[in-house]
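Heads up: the sequence lines are chains A and B, in that order. Position 382 of the first sequence, counted from 1, bears residue number 382 in my numbering, the numbering being contiguous throughout. Position 135 of the second sequence, counted from 1, bears residue number 135 in my numbering, the numbering being contiguous throughout.
Hint data in this document are derived by calculation from the structure and do not stem from the laboratory. Treat the numbers as computed from the prediction; the structure is a model and nothing was measured. Please note that the accuracy of each hint is not assured.
Which chain B residues face chain A? A few, computed with CB under 10 Å, are given here [what the hints assert, rightly or not]:
| # | residue |
| --- | --- |
| 1 | V16 |
| 2 | I134 |
| 3 | R135 |
| 4 | S139 |
| 5 | A278 |
| 6 | H315 |
| 7 | Y321 |
List of simulated lysine-lysine pairs, DSS-like, C-alpha gap at most 25 Å [what the hints assert, rightly or not]:
| # | chain 1 | residue 1 | chain 2 | residue 2 |
| --- | --- | --- | --- | --- |
| 8 | B | K318 | A | K25 |
| 9 | A | K25 | B | K253 |
| 10 | A | K318 | B | K117 |
| 11 | B | K117 | A | K253 |
| 12 | B | K117 | B | K173 |
| 13 | A | K318 | B | K173 |
| 14 | B | K116 | A | K25 |
| 15 | A | K87 | A | K105 |
| 16 | A | K235 | B | K236 |
| 17 | B | K25 | A | K318 |
| 18 | A | K25 | A | K235 |
| 19 | A | K173 | A | K236 |
The beta carbon of each residue, even a glycine, is placed where N, CA and C say it ideally should be.
Protein chains: 2
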Amino acid sequence: MTDIAVLGYGTVGSGVVEVIDKNSKSIGMKAGDEIRIKYVLDLRDFPGDRVESVLVHDFDVILSDPSVRIVVEVMGGVEPAYTFVKKSLLAGKSVCTSNKELVAKHGPELISIARKKGINFLFEASVGGAIPVIRPINSSLTADAILQIKGILNGTTNYILTQMADEGWEFDKALETAQKLGYAERDPEADIEGYDACRKIAILSSLAYGRNVDFEKIYTEGISKITATDICYAKKLGCAVKLLASSEYDDGKYYAMVAPFLVRSTHPLYSVNGVYNAIFVNGESIGDVMFYGSGAGKLPTACAVVADVVDAAKHLDKHIYTFWSEEDLELTGIENATRSFFVRMSGKPEEQKDRIEAAFAGAQMLTVDEDPDGFGFVTGPVTEKEFNERLKDLTGVKGRIRFE
Amino acid sequence: MTDIAVLGYGTVGSGVVEVIDKNSKSIGMKAGDEIRIKYVLDLRDFPGDRVESVLVHDFDVILSDPSVRIVVEVMGGVEPAYTFVKKSLLAGKSVCTSNKELVAKHGPELISIARKKGINFLFEASVGGAIPVIRPINSSLTADAILQIKGILNGTTNYILTQMADEGWEFDKALETAQKLGYAERDPEADIEGYDACRKIAILSSLAYGRNVDFEKIYTEGISKITATDICYAKKLGCAVKLLASSEYDDGKYYAMVAPFLVRSTHPLYSVNGVYNAIFVNGESIGDVMFYGSGAGKLPTACAVVADVVDAAKHLDKHIYTFWSEEDLELTGIENATRSFFVRMSGKPEEQKDRIEAAFAGAQMLTVDEDPDGFGFVTGPVTEKEFNERLKDLTGVKGRIRFE
Chain A
1 MTDIAVLGYG TVGSGVVEVI DKNSKSIGMK AGDEIRIKYV LDLRDFPGDR
51 VESVLVHDFD VILSDPSVRI VVEVMGGVEP AYTFVKKSLL AGKSVCTSNK
101 ELVAKHGPEL ISIARKKGIN FLFEASVGGA IPVIRPINSS LTADAILQIK
151 GILNGTTNYI LTQMADEGWE FDKALETAQK LGYAERDPEA DIEGYDACRK
201 IAILSSLAYG RNVDFEKIYT EGISKITATD ICYAKKLGCA VKLLASSEYD
251 DGKYYAMVAP FLVRSTHPLY SVNGVYNAIF VNGESIGDVM FYGSGAGKLP
301 TACAVVADVV DAAKHLDKHI YTFWSEEDLE LTGIENATRS FFVRMSGKPE
351 EQKDRIEAAF AGAQMLTVDE DPDGFGFVTG PVTEKEFNER LKDLTGVKGR
401 IRFE
Chain B
1 MTDIAVLGYG TVGSGVVEVI DKNSKSIGMK AGDEIRIKYV LDLRDFPGDR
51 VESVLVHDFD VILSDPSVRI VVEVMGGVEP AYTFVKKSLL AGKSVCTSNK
101 ELVAKHGPEL ISIARKKGIN FLFEASVGGA IPVIRPINSS LTADAILQIK
151 GILNGTTNYI LTQMADEGWE FDKALETAQK LGYAERDPEA DIEGYDACRK
201 IAILSSLAYG RNVDFEKIYT EGISKITATD ICYAKKLGCA VKLLASSEYD
251 DGKYYAMVAP FLVRSTHPLY SVNGVYNAIF VNGESIGDVM FYGSGAGKLP
301 TACAVVADVV DAAKHLDKHI YTFWSEEDLE LTGIENATRS FFVRMSGKPE
351 EQKDRIEAAF AGAQMLTVDE DPDGFGFVTG PVTEKEFNER LKDLTGVKGR
401 IRFE
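Whole structure, please, built from the sequences with the hints as guidance.
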């Protein structure tokens with residue numbers, strides 16, 4: 001019997017209890033021992049609920065019980081999660097968490113404590129919901145040098161962008177619908193401004209390159225400025241707009257960014273729609289590998305957490321090596337990255353044609369029926385820095401999106 | 001220092017040596033100890049090669065050296081691989097293999113020996129080349145009940161079918177090109193008749209359902225009867241022809257089969273082209289998860305083998321639980337499976353229309369310019385058994401393909 005405690009009985013926490021109850025036999029077999037939920041911590045009461053008899057309001061009950069070998073942290077947010085997790089690890093209890101804020105901010109310290117204690121800090125569910133990606137990077141791609149990660153890591157924004165493309169909706173209407181369906185929070189900022197995807201790419205990149213990527217140093221741009229008209233131009237260009245989170249190793253330098261991109265229909269990420277997530281990994285020897293699945297949701301996320309519990313139970317007194325040191329990885333700014341841009345303008349193309357050609361030689365002009373008072377153009381490959389400088393020569397710029 | 005021996009210095013074996021040499025520092029860090037290739041076994045000599053100094057011709061040299069803790073078997077074929085692997089495990093050496101014939105035929109026995117000895121028998125590279133799929137099923141999807149696996153598991157046939165679609169080639173020309181490029185063996189039977197995909201779906205299904213799936217009991221049909229004309233009809237139907245290997249749990253019964261299918265453009269497997277592989281897994285709680293990547297090739301496969309070596313080195317005296325018992329899983333025949341079929345006919349549609357309508361009410365007729373002396377029709381959902389019986393009422397049947 002391996003006793004565990006679950007911190008937080010919200011959406012994911014109740015999913016964890018449900019999954020362990022439902023699949024207890026096969027989970028016990030795979031873990032090598034029956035998994036028993038000894039405590040559930042929550043400030044609220046749940047009269048009549050299955051967890052009523054194991055519910056506690058005081059974390060110290062869990063901390064001071066030596067029979068609890070694994071703590072599941074599914075409260076979210078940095079505090080008090082960080083304090084509880086650190087105390088648990090220092091007390092010799094392994095921790096499994098779905099909390100990306102915690103992992104992005106304190107991951108290397110918590111991994112280091114687990115290493116010293118010979119126990120485990122596992123966080124598969126912090127990125128990509130049910131999609132196995134943390135463990136594959138950490139345990140399956142160990143023989144190769146990872147050169148690039150590129151992913152759709154936020155289901156809320158992907159749902160919004162998919163609805164804008166499918167229904168022709170403006171951003172606000174798609175966001176409202178996402179909120180009604182429970183795909184977006186009431187305060188949607190973390191999702192729509194890219195902060196959530198930023199934390200996730202920081203976690204994946206730290207694991208891929210072996211050093212700590214500070215999420216606060218990643219260039220991050222959200223999707224709140226994308227309009228229905230932008231999507232019309234994207235379609236005319238044979239593209240979909242996707243919020244991509246990416247990082248790359250090239251010629252001794254590391255780059256990372258989060259921003260909306262125009263993705264061509266030939267790219268495998270083009271057809272990742274709705275709340276689905278997908279993560280591309282490029283390795284020097286293995287080439288492209290992709291992981292795809294449901295990026296969120298109560299039961300998918302709970303399954304990822306419980307799989308970590310199984311792994312922690314199999315390794316109660318053995319630290320699973322995690323390739324993520326406390327040393328910081330220095331990121332190079334994106335200003336020298338070269339790519340093509342789509343620019344949306346107000347006015348008539350013929351009036352601005354010469355100035356655009358002077359700024360961006362060979363730029364291709366295009367119009368769509370849905371934008372009678374404006375037009376767009378596509379630049380050739382240009383660095384971010386040059387692009388921003390030359391754009392200043394133009395008037396009537398309404399927006400721009402990078403090409404993947 | 002962890003000493004290993006590599007059995008077989010062919011394509012994958014030389015890739016294993018190359019990957020370990022190239023990434024020795026990071027591999028050693030992840031394994032927790034330097035990995036040293038102490039022996040390479042091959043019947044041939046390799047004068048001047050990097051392995052010359054460690055080359056042996058006699059397996060007993062490796063077997064009798066207690067310093068060798070991990071044996072890498074990359075010879076292929078059942079014998080002598082089986083004898084060498086079994087002896088290695090019985091001598092307390094962990095084994096990592098890329099050999100699907102060996103794993104499909106003797107997997108449960110070899111896993112059982114490894115379990116009793118407290119060591120490991122790992123085989124990530126036996127399915128999907130570089131794609132992490134065995135370890136994710138065994139370590140990441142442990143909290144859920146897997147209901148379905150569906151995959152493009154053979155790169156050779158996928159390359160042939162992609163070329164037939166892109167270039168309009170007949171099967172023979174596409175096969176010849178695949179052979180010239182090294183994507184197909186000189187004796188291509190195992191690939192084109194589906195035997196290779198059959199072994200791989202047997203391995204994945206055994207791991208997913210926890211009991212041994214006998215590959216010889218899986219209904220298997222290859223792609224050698226697919227013609228350029230079939231592909232023209234597929235395109236007209238908005239489909240691609242893919243060799244799918246699948247298994248399913250439904251209402252207490254298990255089904256498995258390998259056959260070419262018509263895959264609609266909305267299905268994620270539609271756009272998996274060339275030598276790429278992809279594996280869909282459907283879990284009761286997690287929904288669909290997909291793994292995609294290079295299904296073969298020297299370095300990708302070698303990386304998967306070396307990742308197993310890293311895992312074996314981390315677990316030298318600890319068996320990693322593998323959910324695959326020696327008990328056989330009973331498969332239910334496919335005759336009661338219901339689906340739509342495409343049927344290709346000789347003659348004129350108007351001459352046969354009534355008989356077709358009598359046999360398959362509501363069948364949709366279609367013609368393509370490339371088949372002036374024939375036509376096709378698509379049935380509604382019908383069981384395999386009914387389909388085969390009713391097809392006997394028709395004359396001029398030239399072929400049939402199932403719809404996914």
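Status of each hint after checking the structure:
Hint status for V16 of chain B: holds, given a least beta-carbon distance of 9 Å to chain A, under 10 Å. Against a cut-off of 10 Å between C-beta atoms, the interface hint on I134 of chain B holds, since the closest Cβ of chain A lies about 9 Å away. Nearest Cβ of chain A to the Cβ of R135 of chain B: about 5 Å, under the 10 Å cut. The hint holds. At its closest, the beta carbon of S139 of chain B sits 6 Å from a beta carbon of chain A; the interface hint therefore holds under the 10 Å criterion.
Checking A278 of chain B against chain A: minimum C-beta separation of about 8 Å stays under 10 Å; hint holds. With a least beta-carbon distance of about 8 Å to chain A, the hint placing H315 of chain B at the interface is held under the 10 Å criterion. Taken as an interface hint, Y321 of chain B checks out: its beta carbon lies about 6 Å from the nearest beta carbon of chain A, inside 10 Å. At roughly 22 Å between alpha-carbon atoms, K318 of chain B and K25 of chain A fall within 25 Å of each other, so this suggested pair holds.
Straight-line distance between C-alpha atoms of K25 of chain A and K253 of chain B comes to about 19 Å, which keeps the hinted pair within the 25 Å bound. Between K318 of chain A and K117 of chain B, the direct Cα distance comes to roughly 19 Å. Compliance with the 25 Å bound is thereby established for this hinted pair. Using a Cα cut-off of 25 Å, the hinted pair K117 of chain B and K253 of chain A is violated, with the two alpha carbons roughly 46 Å apart. Restraint check for K117 of chain B and K173 of chain B: the C-alpha separation of about 50 Å exceeds 25 Å, so the hint is violated.
A distance of roughly 55 Å separates the Cα atoms of K318 of chain A and K173 of chain B; the hinted pair therefore is violated under the 25 Å criterion. Restraint check for K116 of chain B and K25 of chain A: satisfied, since their Cα atoms lie roughly 22 Å apart, inside the 25 Å limit. The suggested pairing of K87 of chain A with K105 of chain A holds, with an alpha-carbon distance near 16 Å, which does not exceed 25 Å. A hinted pair counts as satisfied when its Cα atoms are at most 25 Å apart, and K235 of chain A with K236 of chain B qualifies at roughly 24 Å.
Restraint check: the Cα-Cα separation between K25 of chain B and K318 of chain A comes to about 22 Å, which is no more than 25 Å; the hinted pair holds. Of the supplied pair hints, the one linking K25 of chain A and K235 of chain A is violated, its CA atoms being roughly 50 Å apart against a limit of 25 Å. Distance hint between K173 of chain A and K236 of chain A is fulfilled; the C-alpha atoms sit about 22 Å from each other, no more than 25 Å.
Comparing the model with each earlier hint shows violations of hints 11, 12, 13 and 18; every other hint is respected.
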